[in-house]
Amino acid sequence: MAEKVKLERQAMCDRLAMEFQDGWIVNLGVGMPTLCSNYSDSSREIINHAENGVIGYGPLAKEGEEDRHLVNAGGQKVTPLPGMACVHHADSFMMIRGGMIDVTVMGAYEVSENGDFANWRIPSRKGGGIGGAMDLAAGAKRVFIAMEHTTRDGATKVLKKCTLPITAPGVVKMLVTDLGLFEITPQGFKLLEHAPGWSPEEIQEQTEAKLIIPDDLKEFRFRS
Amino acid sequence: MKNKIYKTMDDAVADIPDGVTIFSPGFGGVGVPRNLLAALNRQGAKDLTGVSNNAGTVDEHVDIGTLVEAGQMKKMICAFTAATHPSQVTPFTKMYNDGEIDAELVPQGTLAERLRCAAAGIGGFYTPTSVGTELAEGKEHREFNGRMHVLELPLPGDYGLIRAWKADTAGNLVFRLTQRNFNPLMAMAATVTIVEVENDIVEAGELDPDLIHVAGIYVDRLVRIPEDGIWV
Chain U
1 MAEKVKLERQ AMCDRLAMEF QDGWIVNLGV GMPTLCSNYS DSSREIINHA
51 ENGVIGYGPL AKEGEEDRHL VNAGGQKVTP LPGMACVHHA DSFMMIRGGM
101 IDVTVMGAYE VSENGDFANW RIPSRKGGGI GGAMDLAAGA KRVFIAMEHT
151 TRDGATKVLK KCTLPITAPG VVKMLVTDLG LFEITPQGFK LLEHAPGWSP
201 EEIQEQTEAK LIIPDDLKEF RFRS
Chain G
1001 MKNKIYKTMD DAVADIPDGV TIFSPGFGGV GVPRNLLAAL NRQGAKDLTG
1051 VSNNAGTVDE HVDIGTLVEA GQMKKMICAF TAATHPSQVT PFTKMYNDGE
1101 IDAELVPQGT LAERLRCAAA GIGGFYTPTS VGTELAEGKE HREFNGRMHV
1151 LELPLPGDYG LIRAWKADTA GNLVFRLTQR NFNPLMAMAA TVTIVEVEND
1201 IVEAGELDPD LIHVAGIYVD RLVRIPEDGI WV
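Those protein sequence lines, which keep their order, are chains U and G.
Residue 224 is where the first sequence ends in our numbering, and the numbering goes up by one at each step.
Residue 1232 is where the second sequence ends in our numbering, and the numbering goes up by one at each step.
Worth double-checking, as some hints may not be accurate.
What the hints assert, rightly or not - BS3-like cross-link-like pairs, simulated, lysine-lysine; straight-line CA separation at most 25 Å: (1) U:Lys77 / G:Lys1166; (2) U:Lys161 / U:Lys190; (3) G:Lys1139 / U:Lys126; (4) U:Lys126 / G:Lys1007; (5) G:Lys1046 / G:Lys1094; (6) G:Lys1002 / U:Lys126; (7) U:Lys173 / U:Lys6; (8) G:Lys1002 / G:Lys1139; (9) G:Lys1007 / G:Lys1046; (10) U:Lys160 / U:Lys218; (11) G:Lys1002 / G:Lys1046; (12) G:Lys1046 / U:Lys126; (13) U:Lys210 / U:Lys190; (14) U:Lys190 / U:Lys218; (15) U:Lys161 / U:Lys126; (16) U:Lys141 / U:Lys126; (17) U:Lys77 / U:Lys126; (18) G:Lys1166 / U:Lys126.
Hints are computed from structural coordinates only; laboratory data are not their basis.
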């Protein structure tokens, strides 16, 4: 058995990005999901949509090459690409709710086996940070989640039922954690790929929900 | 043609009274009417309700958080009432936790559409956003084509503080790249629309009518940002 390793955030986001299909319009959430844009595959064209109304933007701007009027959803300066378009906020969310976004990738505090996820409020803190998450969750064709498998205290975040207030019910299609890649099926979490050195039993031990382990379980795919 | 040009930011906000609702656009630090907000901060109006994507950031820039910190705001309506990361403690966070300011949390797309609705004279709209969450509790639910929606109402405002790239004397506005964000919606939904402009305000007729983002009929006051104004 290979040495047991937890996946790095870039490898996790690479793996989700490998699922993007040619021509997809992709919305990447703030934080870890933006790492998906570091994975490129010249055989496909991906169109980036950011909630602040920019469609078809390019990589992060290098120092000295920033345009003060052009930022992504995280407020980071990005570069223009040929064909880029800008619209106002209501039009941007018209695209989101109207079903134009093929996939949105978000971070989460918790994901449950029925596809619910929670990423906007922790009851011990007053208020919440929704941003565009509820609109994206309700409107995008697919929701992918990238998050660590457990909290810093070791509690699992892959649950039978979310304990925190949810962002949307039943929408998550795919989950990547530092332990593997999971599909959310009508029967629950299906482990598709495991992190190197981790057996399905060991991943199950870190998971509250019952995992479906397919016969063709694979080792995690890294960028080549 | 009615003169819409004001000499200074202070002149343009001088009559804003206590207790009104202020729109403050901007996203990711772009398209924020920082000069008008600074002027409103100097002017000192209080008991204001603010509509904005967030309630101010942790950086040093002038934004709606400057007015929050100064105690001018009694309520914020925004898409973030807590930072996404607990380490980001803003003036708003502290005051909200201490019960010194009220807030209404609205999903960002719903916020945008409520503004559009107010501008468009529409009584409300149904959206699938927030269905099945805490935020939908108490709201009217209705099913369309097999999918549940919640009723959301328009969000009108008294004064819209706007940041534009170009303007003409008729009040027509043009924005650049992601500066646009909430600006056109707030310009069209406000009763009084006040705009700070990054370029010299040109004569009517000099902007291409086909490339205008907000028609001048929505715009009441224009101020050119001075060279020593707030640019970023």
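Against the structure, the hints come out as follows:
| no. | hint | result |
| --- | --- | --- |
| 1 | U:Lys77 / G:Lys1166 | holds (21 Å) |
| 2 | U:Lys161 / U:Lys190 | holds (16 Å) |
| 3 | G:Lys1139 / U:Lys126 | holds (21 Å) |
| 4 | U:Lys126 / G:Lys1007 | violated (42 Å) |
| 5 | G:Lys1046 / G:Lys1094 | holds (19 Å) |
| 6 | G:Lys1002 / U:Lys126 | violated (47 Å) |
| 7 | U:Lys173 / U:Lys6 | holds (22 Å) |
| 8 | G:Lys1002 / G:Lys1139 | violated (43 Å) |
| 9 | G:Lys1007 / G:Lys1046 | holds (24 Å) |
| 10 | U:Lys160 / U:Lys218 | holds (24 Å) |
| 11 | G:Lys1002 / G:Lys1046 | violated (30 Å) |
| 12 | G:Lys1046 / U:Lys126 | holds (24 Å) |
| 13 | U:Lys210 / U:Lys190 | holds (9 Å) |
| 14 | U:Lys190 / U:Lys218 | holds (12 Å) |
| 15 | U:Lys161 / U:Lys126 | holds (22 Å) |
| 16 | U:Lys141 / U:Lys126 | violated (31 Å) |
| 17 | U:Lys77 / U:Lys126 | violated (30 Å) |
| 18 | G:Lys1166 / U:Lys126 | violated (40 Å) |
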